[in-house]
Amino acid sequence: NAGVIQTPRHKVTGKGQEATLWCEPISGHSAVFWYRQTIVQGLEFLTYFRNQAPIDDSGMPKERFSAQMPNQSHSTLKIQSTQPQDSAVYLCASSLDVLNQDTQYFGPGTRLLVL
Amino acid sequence: QQKVQQSPESLIVPEGGMASLNCTFSDRNSQYFWWYRQHPGEGPKALMSIFSNGDKKEGRFTAHLNKASLHVSLHIKDSQPSDSALYFCAVSGPSGGNYKPTFGKGTSLVVHP
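Line order of the protein sequences matches chains A and B.
For the numbering used here, count along the first sequence from 1 and bump the result up by 9.
For the numbering used here, count along the second sequence from 1 and bump the result up by 9.
Wrong hints could be hidden among the right ones.
A few chain B residues that face chain A, going by a derived Cβ cut-off under 8 Å, partial list only [claimed, not checked]:
1) S58
2) F97
3) F112
4) G115
Hints are computed from structural coordinates only; laboratory data are not their basis.
Cβ atoms here follow ideal geometry from the backbone N, Cα and C, with glycine treated the same way.
Taking the hints into account, I'd like the entire structure generated from these sequences.
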């Protein structure tokens with residue numbers, strides 16, 4: 010079991026460009042979560058899917074961020090017109106289900122730097 | 010809205026010493042609590058969970074939960090340099106059936122040899 014896989018590990022974009030981040034959850038896990046981590050804000054929830062359906066996107070900046078889960082083996086987080094304040098580590102996590110006692114398993118993250 | 014606060018922000022303990030990390034939460038309906046640990050360059054990894062009031066021990070790690078006091082803590086006995094990491098508390102509970110754990114901002118632990 011390779012764990013949660015995130016690609017790329019590092020991404021540098023220019024201001025105004027688009028960034029697409031990929032996540033492959035652990036096989037058999039039905040829930041996939043996206044978080045953003047910065048020194049100042051800590052771990053911020055962005056969105057999550059259950060059985061590929063979007064359940065809660067309350068943490069997503071509405072205008073430029075979007076997430077999809079086209080199949081059970083991968084999810085994408087897309088940031089349009091990137092801004093320097095989008096620079097952060099983006100973490101993907103999966104869990105067996107969304108029962109409250111299910112542990113989340115995190116990937117290594119994608120470090121996004123917007124110049 | 011759930012608020013989770015961790016203290017201290019940073020902690021330095023000598024090798025072999027005891028490290029104590031604290032977490033307070035605001036929602037009295039919270040039911041599920043985890044401690045995660047993150048080493049540099051990695052994602053957080055679940056260390057242990059606690060769901061009932063009292064103590065739960067796993068090896069050198071002991072979690073303590075007091076729901077009435079809105080407090081959960083983690084104690085690391087015989088701390089090792091490899092325990093140096095960022096520790097997060099995560100809290101979730103019934104909120105209209107929507108599952109979304111709230112994480113604290115973390116405690117940075119340094120164990121010096």
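Each hint tested on the structure:
1. S58: Given a least distance of 7 Å, the restraint on S58 of chain B holds.
2. F97: Holds, about 7 Å.
3. F112: At 4 Å from the nearest chain A Cβ, F112 of chain B passes the 8 Å test, so the hint holds.
4. G115: holds (6 Å)
Consistency note: the structure conflicts with none of the earlier hints.
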